[in-house]
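**Student:** On the provided structure of chain F, position chain U as indicated by the hints.
2 protein chains.
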Amino acid sequence: MPHQKTPDNPPARLSLISRHLAPDYPINTPYAVERLPDTVDTSLLPKTQIRAISSSPTMSSQPPHPTLLIPGPIEFDDAVLQSMSHYSESHVAPGFVATFGETLSMLRKLFQTTDAASQPFVLSGSGTLGWDLIAANLIEPGEDVLVLGTGYFSDGFADCLAVYGAKVTELKAAVGSRPRLPEIEKALSEKHYKAITITHVDTSTGVLSELANLSALVHRVSPDTLVFVDGVCSVACEELDFDGWMLDGVVTASQKAIGCPAGLSISMFSGRAIKVLEARKTPPASYFASMKKWLPIMQNYENKKPSYFATPSPQLVHALHTALSQIFSKPLSERFARHKETSDRIKKAVADLGLKQVAPNPDDQAHGMTAIYLPETVQIPQILPSLAKRGVLFAGGIHKEIVTKYIRFGHMGVSVLDPSRGDIDRAIKALEEGLSECGYQKA
Amino acid sequence: MPHQKTPDNPPARLSLISRHLAPDYPINTPYAVERLPDTVDTSLLPKTQIRAISSSPTMSSQPPHPTLLIPGPIEFDDAVLQSMSHYSESHVAPGFVATFGETLSMLRKLFQTTDAASQPFVLSGSGTLGWDLIAANLIEPGEDVLVLGTGYFSDGFADCLAVYGAKVTELKAAVGSRPRLPEIEKALSEKHYKAITITHVDTSTGVLSELANLSALVHRVSPDTLVFVDGVCSVACEELDFDGWMLDGVVTASQKAIGCPAGLSISMFSGRAIKVLEARKTPPASYFASMKKWLPIMQNYENKKPSYFATPSPQLVHALHTALSQIFSKPLSERFARHKETSDRIKKAVADLGLKQVAPNPDDQAHGMTAIYLPETVQIPQILPSLAKRGVLFAGGIHKEIVTKYIRFGHMGVSVLDPSRGDIDRAIKALEEGLSECGYQKA
Chain F
1 MPHQKTPDNP PARLSLISRH LAPDYPINTP YAVERLPDTV DTSLLPKTQI RAISSSPTMS
61 SQPPHPTLLI PGPIEFDDAV LQSMSHYSES HVAPGFVATF GETLSMLRKL FQTTDAASQP
121 FVLSGSGTLG WDLIAANLIE PGEDVLVLGT GYFSDGFADC LAVYGAKVTE LKAAVGSRPR
181 LPEIEKALSE KHYKAITITH VDTSTGVLSE LANLSALVHR VSPDTLVFVD GVCSVACEEL
241 DFDGWMLDGV VTASQKAIGC PAGLSISMFS GRAIKVLEAR KTPPASYFAS MKKWLPIMQN
301 YENKKPSYFA TPSPQLVHAL HTALSQIFSK PLSERFARHK ETSDRIKKAV ADLGLKQVAP
361 NPDDQAHGMT AIYLPETVQI PQILPSLAKR GVLFAGGIHK EIVTKYIRFG HMGVSVLDPS
421 RGDIDRAIKA LEEGLSECGY QKA
Chain U
1 MPHQKTPDNP PARLSLISRH LAPDYPINTP YAVERLPDTV DTSLLPKTQI RAISSSPTMS
61 SQPPHPTLLI PGPIEFDDAV LQSMSHYSES HVAPGFVATF GETLSMLRKL FQTTDAASQP
121 FVLSGSGTLG WDLIAANLIE PGEDVLVLGT GYFSDGFADC LAVYGAKVTE LKAAVGSRPR
181 LPEIEKALSE KHYKAITITH VDTSTGVLSE LANLSALVHR VSPDTLVFVD GVCSVACEEL
241 DFDGWMLDGV VTASQKAIGC PAGLSISMFS GRAIKVLEAR KTPPASYFAS MKKWLPIMQN
301 YENKKPSYFA TPSPQLVHAL HTALSQIFSK PLSERFARHK ETSDRIKKAV ADLGLKQVAP
361 NPDDQAHGMT AIYLPETVQI PQILPSLAKR GVLFAGGIHK EIVTKYIRFG HMGVSVLDPS
421 RGDIDRAIKA LEEGLSECGY QKA
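Protein chains in written order, with the UniProt record's numbering: chain F, 1 to 443; chain U, 1 to 443.
Here chain F stands alone, though its shape is the one from the complex (with noise of 0.2 Å):
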């Protein structure tokens, strides 16, 4: 905590001591573990405190703590965890409805729309509310929805377009690649679909998208299907044109290339997804994700007008105000073209050491994180400590038929833009030197 001042009870103050002391095992996996308590052994991990490593060789209000390099939450900047702490206001005072207004216009920006119809929607819960936004709200139960499958994310978005009653077909692609546009344009003209999901990054396989021509392939074959975008891996690091490419939803959270802590869903919706919305025939099938009842007080806090559904986090929001502004002291383009180069450089390093990644394609992958299959000699359980000790946290594996074989290395935001940190440097060094540790050589 930047400048903690101590608390002033002793229980409090012991509970920042014990923190502060944890020992950062090496389980950061954000989703290895997931229903799947028995494949981390921790009798395996280092019992012993890990000497926390600065993230930053460069002055910053943050103590010194390991490098967290999963792919998401990333690292923050020092100005948005100072936002956080933002004394407390009225979710519908002046003051913090233009912050809230001024927030919504600049998700305009970061999604590259200037058609007044598209709506920005930001909302208290995690990345995962966006898919219940999509399909408690834009699908009626027993409408046909197709499902690109790229991996875990992409399952679960199936999962939850059916607890709402979705008929979904899911078009699985292999591991590490994605469908093709000739299955999905065979796909599309095989039934009529209300809806096309993609995944814009599986975060379970850094499989990246062609989400431009995906998107002009839907618009050609099959006009009226929406175009749904789950873009939590991929907004803020990965070229993005709302407009340009005519996409009806792209759902995100705040914690990962946009830079602000966990915590807020964020979405973009067309002006012809909102008129789907006003034009369902059955009632919005969730209450706190109802885009309806959402609608009009996201048009009022733009409008610089208080209104209430259910309170909004001032503080998350200020946070996501400041690392919208920071995204903005630069071209976006400048921004992509960063996580491209950062991205490139890592990839290359990863093939230097004779290893694989889990989407072999180039074209496939992503740019703001890796997928990197381990060398058949060395385990999740050696590796990720070995990293940690070094003061770089990488995350295991999720994606359910290649658990135990790879490892992800997230590389989004003030990690990749400002190289001062050393950031990546050292993540790739700490790659090096923990597989010799481990016993690697390449061959």
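There could be a bad hint or two in this list.
As the list claims (entries may be wrong) - Quick list of the computed label-pair ranges, beta carbon to beta carbon: (1) Asp115/F / Pro63/U: 35 to 45 Å; (2) Pro64/F / Pro141/U: 30 to 40 Å; (3) Ala117/U / Lys167/F: 36 to 46 Å.
In case anyone wonders, no lab produced these hints; they're calculated from the structure.
All C-beta atoms, glycine included, are put in the ideal place defined by N, C-alpha and C.
**Tutor:** Only chain U this time, still in chain F's reference frame:
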């Protein structure tokens, strides 16, 4: 922001400056403007900047700002706000898993349950999400639910239940009152209800329900009816004995008496409720709010095992951990007594000013807020700015039948528990002076 470091890039710095200069207009009601955009004539509001007045005469790491005394969000303690700035951690790293696990364990103490079958949940979301938890998981379509109608928030709970297919019977009381035990007994004897819902404190009226007696009645008359409580404006300021009162579910939010910024839905369910969840004939009707999905995750966190369904907010959970640690630095009974004493003092001051409360019966009056009818000659757009000029922010009305006729004074958390802040005395003095400025003299 405590110890705000000037951000390095101009847009963010400008934004911070502009926020600090933003006039705090008095439309600080969380609810008055909800669906009533035309009831507040913003042309009446002061156009000049209101000087920010320190919230506390003692040293604080927060910049000077008006004291927020609406019924949530409340003023937050320095250490809680500083926890919001915690450096980035993986949501499945051992340090954070321990923090989350301890937080869940502390919630058992807060709700006063020692039954191992009770289950706490902490999800990213607003307090409203708690209604969805109950409606989508513990009621099946077509089942009858009896809603005790105390105002805007019980109406909202009823709406949410209906969205998920419950057959809702709302037993409505007159404004400022609550349904009485004999009529509730009559209702319970006329039809079998799967559940009854009680808004412990209806934030729209300041009406407190007699939860202990109510639950005893339900258990006597209709023992298999589940007892669900909206505790958004009661948990941590009103006595609530989860085990002793045989409650099946209490849902609340972070930003009220618990004293943690908004963004978390916090709830406790009984072993009986969890059995009902597990015995559902239909799947839960929500994906993000599926208690079946979250149950193993919460259990794993509390057992210090990493687990994933959707990414929680490490920063908000740290802040909640700090807030709960502070709560348990003193006995809960003392906390409740202090809220009651302060409430009594405020209610006496209101009566001494010749004003009436929306809840006329002392037994029906909440201890964390006071809903006050304005004199007929004083209007909301006069009194709220007058209070704001004196550094105190109250809320306007929200109950649609009386929306323009009353104001709400929130008195929860540090403003009550830390007398050195002087918040309550300053608010009472501001109310006296403000009414006088508006031309009101006690008859």
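**Student:** Evaluate each hint against the coordinates.
**Tutor:** Here is what the structure says about each hint:
1. Asp115/F / Pro63/U: 35 to 45 Å: Given about 39 Å between the Cβ atoms, the range holds.
2. Pro64/F / Pro141/U: 30 to 40 Å: 53 Å, violated
3. Ala117/U / Lys167/F: 36 to 46 Å: For Ala117/U and Lys167/F the Cβ distance comes to about 38 Å; the hint holds.
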